[in-house]
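Q: The residues making up each chain are set out below.
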Amino acid sequence: MMQKFAPSLLVVALGVALAGCQDSGPQDEKVTINKNPYPSTYQALKSTSTLITNATVLTGTGERLEEADVLLIDGKVQQVGKDLTVQVDNTIDAQGKWVTPGLIDVHSHLGAYPNPSVESHQDGNEMTSPNTAEVWVEHSVWPQDPGFNRAREGGITSLQILPGSANLFGGRGVTLKNVPAHTMQSMKFPDAPYGLKMACGENPKRVYGRKGILPSTRMGNMAGYRTAWIDAAEYKREWDKYDSDYAAGKNPEVPHRDIKFDTLRGVLEGEVMIHNHCYKAEEMAMMIDLSKEFGYHAGTFHHGIEAYKIADMLADNGSCAALWPDWWGFKMEAYDMVQENVAIVDAVKNSCAVVHSDSDTTIQRLNQEAGKVMFRANDNGFNISEEHAIKWITSNAAKSLGIADKTGSLEAGKQGDVVIWNQNPFSVYAKAEQVFVDGAKVYDRHDDAYQAQSDFMLGQK
Amino acid sequence: MTKITHSFALSLVAAGLLASTGVNAESVAIINATVHTSTEQGILQGASIIMDEGKIIAINPTKVEADTIIDAKGQIVTAGFIGSMNQLGLVEVGAVAGSRDAGDDKAGIDFDPSLAFNPRSSLIPYARKGGITRDVITPHGGDSIFAGLASVVDLSGEFDSVKQTHAALVVNLGEQRKGSRAMSLKNLIDKFEAHQQKASKKDKKDDAKPSTEDKVLTKVLAGEMPLLVSASRASDILELLKVKQQFKLNLVISGAQDAVVVKAQLAEANVPVIISAMDNLPGSFDSLHANLNNAGELEKAGVKVIFAIAGDGSHNVYQLRFDAGNAVSYGMSQQGALHAITANVADVFGINAGRVAVGKAADLVMWNNDPFELSSHVTKMFINGEEVTTESRQDKLRDRYMAESEMPRAYTK
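Here the protein sequences come in this chain order: A and B.
This note's numbering applies: residue 1 is where the first sequence begins, and numbers increase by one.
This note's numbering applies: residue 462 is where the second sequence begins, and numbers increase by one.
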């Protein structure tokens, strides 16, 4: 899947697209769609070899190691274990401190709905059509959003930026490395798959119902998705036929290019992952059937206030559920919140429970958000440990984003995305002291040299 | 969680005879408690508290006598926390217009949404999970800068929950959606000047019965009713301090993201601020100094600080204790943070609660651990001396979907 993003395959002249109209005869130049026209230019910050010693380490794989060491070399996790003896440039005594993988938020609007949240900055919701699969939220991201810095100070090392939920298809999301930068491309997580934001329920039907167009009802929502997937399947068929005819030596007519359907085709081909804003049990159940009707994976359900009602169904489908600990009541579909939602989803075999923020404030305390779930669940009959709960904001989140092979756990070979906490991260008093991305220190609470400031904040009085 | 059976007879007495207080005919003592008093007494170890007739009647008496004695076994007891700046009981679901009663286009000085307060709202038992026993419900208002009147309610869930109306006049200043903030401030000053002139004329010829608006303005201008003004930018706050000086107002500033810039002036003018401890983003050009350290900085400067929940404070008021914990994490004293959700709220709005002290309303919360910690929870809770439950609709839903049953979930109740 990843090879399809490799730049070498991509640069083929699109300019000739209109030239080849013959189905036989000498072949025109092959038209190939560039799937990565805004490629990542991310470079890890300069790093040295680092040994973090004597910490309580939550690996993100469900393990907890006491008095353990974490070794970062060449931007990667080299080793995690006890009494590592190795020559490094930088040794950090983390006695009494806790170490976790860098936190991952699968649902953020930083950069697209940045601070200050003035009119000119409302770039997260293209509310002009119920299907705007053609928009890519990366084209809205303002890297100077001060929220990126605040999130990093809370231990967030990777995050997915999503478009808003006004539309049935809101557009592509983008996964970023949370490093200070002044272009979006230089934050873009290399080789992370794209996401497609879909939305169920109240938002699309409210926004378009007001305009007097479909959808104005939940049945309208479903009709809108199905119509789009039928069109997407046809689009995919045309391009597949073009490719196979060309491969057979014919000179087929180049199909019309539509970037909206490029994205939907990407989903049908398993390259683009679905991230579905969907609150209610019966709607999530239908979205799973919808995905089966058209042959794609339903992906991650976001917000899923009622995920606890269908925990088994989500696990059976291999769907992650990215949830809040306690947001509720702001609309009808958020009325049936339970504080143990994440824990109930998590308790099923093969589940993938994720705690997300969808907020520029709680993204700064995703550890506390997970802690709230853990403690409320343990108050009510669960027995969830810290080493388990950390998965909701690290490895499970990485799985939801399709980057679990790269980050989200402290295992040899994974990217050196690490947080050193002053104490148990599930305490209200916990603070990230040092944050590493790809082995490089990007934040230090006690060293101003590692505290990034946005252009916007510079020189403000 | 505690399960409580209310005596039907008792409820009748409470509703019929003593509608303004809510009373438990039985006296209750809590013994062996670690009491965080929210007073100069600080923390009392191994303390006993006796409540009767809805009030705290004794602390550490030489002899403990009560109808019921509860051994806290060292657990922490605090005064019940007091929320503010939210619409508890005035909203059930944010996006359901028919369930929203805190605002009205025509709202003004005399808008009193407490008439619409619903003690049966599902938000109230949920809020109790956070140890919230009382709340200052605050109108959204409408087109006018005058949003209306705040009220104090208890979280007993009983029909006599509204304890104090006209607790503050709420005004929205600072950043405007359209027009100039200067005009808003001018409108405020004009209103006060006009009322003063009217009042001085009336002294000579006392004719018509004063309107609610006149009564409210008279109280505000006498410093008897707090003027609760939202403003954030430092320059706006300084202008408000001038207005306070001119009219001798009992001024309280909410929002106050940049209050830290003028903390000395606020302390000097003795003006309390209601802030979110979690505000640390420059949401606008009015809040460039929002910072997690601000609560502690304001405390050190001598400013009286109250915490309210940013955003949807109605559904989320239960989190107030976590905000307090975070404020401690960023430099506020533990006691200062506790006062910011108890005694300071009581002082600013004239509520006879918020402290574990003799004569105060018996709003007491027992905790299994540090109440600011994520890990702790309420083990017992009293409002006006009556034990209340923290069980909410959310617990029912959880239990329904976790129960084993051959039948559809709808049969599990």
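Be careful, since some hints might not be right.
[Unchecked claim] Now the in silico label distances, taken between C-beta atoms and shown as ranges: (1) B/Asp773 / A/Met219: 25 to 33 angstroms; (2) A/Thr85 / B/Gly772: 25 to 33 angstroms; (3) A/Asn350 / B/Ser560: 33 to 41 angstroms; (4) A/Arg226 / B/Ser560: 30 to 38 angstroms; (5) A/Tyr38 / B/Ser794: 43 to 51 angstroms; (6) A/Lys46 / B/Lys857: 49 to 57 angstroms; (7) A/Asn350 / B/Thr626: 53 to 61 angstroms.
[Stated by the list, open to error] A few chain A residues facing chain B, derived, Cβ under 7 angstroms: (8) Ser117; (9) Lys292; (10) Phe294.
In short, the hints are calculated from the structure, not lab data.
Computed from a predicted model, the values in this text were never measured in an experiment.
Just so you know, even glycine gets a beta-carbon here, dropped at the ideal spot from N, CA and C.
Q: Each hint should be assessed against the structure and marked as holding or not.
A: Cross-check of the supplied hints:
| no. | hint | result |
| --- | --- | --- |
| 1 | B/Asp773 / A/Met219: 25 to 33 angstroms | holds (29 angstroms) |
| 2 | A/Thr85 / B/Gly772: 25 to 33 angstroms | violated (50 angstroms) |
| 3 | A/Asn350 / B/Ser560: 33 to 41 angstroms | holds (39 angstroms) |
| 4 | A/Arg226 / B/Ser560: 30 to 38 angstroms | holds (33 angstroms) |
| 5 | A/Tyr38 / B/Ser794: 43 to 51 angstroms | holds (50 angstroms) |
| 6 | A/Lys46 / B/Lys857: 49 to 57 angstroms | holds (55 angstroms) |
| 7 | A/Asn350 / B/Thr626: 53 to 61 angstroms | holds (55 angstroms) |
| 8 | Ser117 | holds (6 angstroms) |
| 9 | Lys292 | violated (24 angstroms) |
| 10 | Phe294 | violated (30 angstroms) |
Taken one by one, the earlier hints fail for this structure at numbers 2, 9, 10, listed in ascending order.
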